[in-house]
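Engineer: Sequence:
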Amino acid sequence: MTGKSESKSESRVRTGAYASPVGAALLIAACLGVEVAQAQAIMRTPTISVPTRTPTISPSIASRVGPTVSARAVSVDRGPRTIATIPHTTTSRLRPTAVQPYARYSPNLYPACTAPYRDAAGECLAQPNAGGGDPGKPVKKSAGKGRGNVTPVVAANLRSFANEFVAEIDGTMSPGDADALARRHGLTRISSESFPLIGATFGLFRITDGRPYETVRREFATDGSVRSVQPNFRYVLQDQKSTPPSEGDPAQYALTKLRLPQAHTLAHGANVTVAVIDSGIDTRHPELANSIADNFDALGSAEGPHVHGTGIAGAIVAHDRLMGSAPEARIIAIRAFGGTNGGAESSSYIILRSLNYAAEHGAQIVNMSFAGPKDAVIERAIAATAARGLVLIAAAGNAGAKSPPLYPAANPNVIAVSATDQKDRLFTASNRGNYIAVAAPGVDIFLPAPDGKYQMTSGTSFSAAYVSGVAALLLERNYALKPEALRMTLAKTARDLGSPGRDELFGDGQADAFAAVMAVPADSATPVAAASGTTKREDAAKRRDELNSRAIEQPSLSSADDKPTVSQADRPATR
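Note that my numbering has the sequence shown beginning at 166, numbered continuously upward.
These are calculated hints, taken from the structure and not from any lab test.
None of the values given here were measured: they were computed from a predicted structure.
Just so you know, not all the hints are guaranteed correct.
What the hints assert, rightly or not - Result set (DSBU-like, lysine-lysine): computed pairs, CA atoms no more than 30 Å apart in a straight line:
| id | residue 1 | residue 2 |
| --- | --- | --- |
| 1 | Lys567 | Lys539 |
| 2 | Lys657 | Lys647 |
| 3 | Lys567 | Lys647 |
| 4 | Lys567 | Lys588 |
| 5 | Lys539 | Lys657 |
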């Protein structure tokens, strides 16, 4: 609506207000407006020159992605837009590559409503029940707002996948039995499998006959073969909406902010495995050469590499023209996000499958640069993953100052990371809250992109990835470092930002890789440097056995005589 039409509309409402009490109510309603801010990211072709550091990897570990896999460039818009053509440019430091637009995404603002439309728990008001709901049931209204049901109905499906259940079922049931269970309740079994991580069998079921979601859920939950039932929640990657690419300053300021060059004189993340649960990764990108130890497609899709997953992997292990935070770490590339429309989203069932794979295949760190609602199944899987001694790191979220806590970052077993810019200011879209552990650069970050290209992008996704790399440096330094001791090391060595002490914007401050590595006593049993002619990457199973045997005796870095200067009152209760 134009300013002129707004003026006319307001004038009419005010005129009516003098004529009757009803008009007065309309005037109040017209004065209430909601402004939605959408952060933007840009992709540029970098021109920096960083000395190459090529990690080595055991020849016996082969990628599961065929060499013929190619990326698909897509563009998704919610309305007609014109993308300007950017002239092809090259520099003497960079091989000539054409600059092309990358996938465009809708903002990852969850829940899909602004603050005035949320209740105390952060739920959207005036919404039909997620997942279909009962059409005959009245929706929840915003008390005292006078707005009624004004939130678009399309937002109802952003919380979960319509008409789908994730159900824990009897572990003795065969696929045929599970199909029979579904038929008894008029459902279709999409998939079911055993998850050793949490010692349970889960199935994904769908309503196909149009019955109300809540009615079917209640009926299904009463079956003796069903242990629990919940929606198949939706998760979204935590980058920001892209803008047309442009040329710009290619400096990787994050390296200086995190003091990574100094940290790399002591550790590079060798022999440490990071599971990246994300979208597809371009395993053939020069920045990721010899760094992908394993691939798992939890979606079972045929999609090519994706800009988000490739960037996350690059923030951790880039080692060609760019430099990641742990250039010699190895990556388990787990594809959990995808979509035919060019976006990338995932679900409870797929995230569960991904966490199970990471825990069962030797990951020591799990990077989760995505966000969604509090999810009982995923909370259970995260607790089990943490109990195995894995370090869990997640993006705080890009929903802004008024967002409720997002998960998995808000889980107390997870290190939540917010984003800062080049001037150490908080990223405008970054979530706040007492669950924030530390901050890291996440604005205008240069990263690899599919097809051997590069991107500049923003989001807490990339802040989390940098911290995952820093965690890898600490584990190389001392392989038996337990998750809580690692968390305390990051907190105690962080550079304080904002108001003195811990706060809800930066947590304990901006991560300092060099100070953190220096604070960890070197473990002589950890093969930091292999002998000449040998590989630095050792057998994962052998090293997991070492971790299990030594982790019990590993003392916490936190003791009564050596506590951080932050008062206990400043600590979040959940931590």
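Engineer: Evaluate each hint against the coordinates.
Structural biologist: Status of each hint after checking the structure:
1. Lys567 - Lys539: Given that 30 Å is the threshold and the Cα spacing comes to 17 Å, the pair holds.
2. Lys657 - Lys647: 15 Å, holds
3. Lys567 - Lys647: Violated, at roughly 34 Å.
4. Lys567 - Lys588: 23 Å, holds
5. Lys539 - Lys657: Holds, at about 28 Å.
Comparing the model with each numbered hint stated earlier shows that hint 3 is the single one that does not hold.
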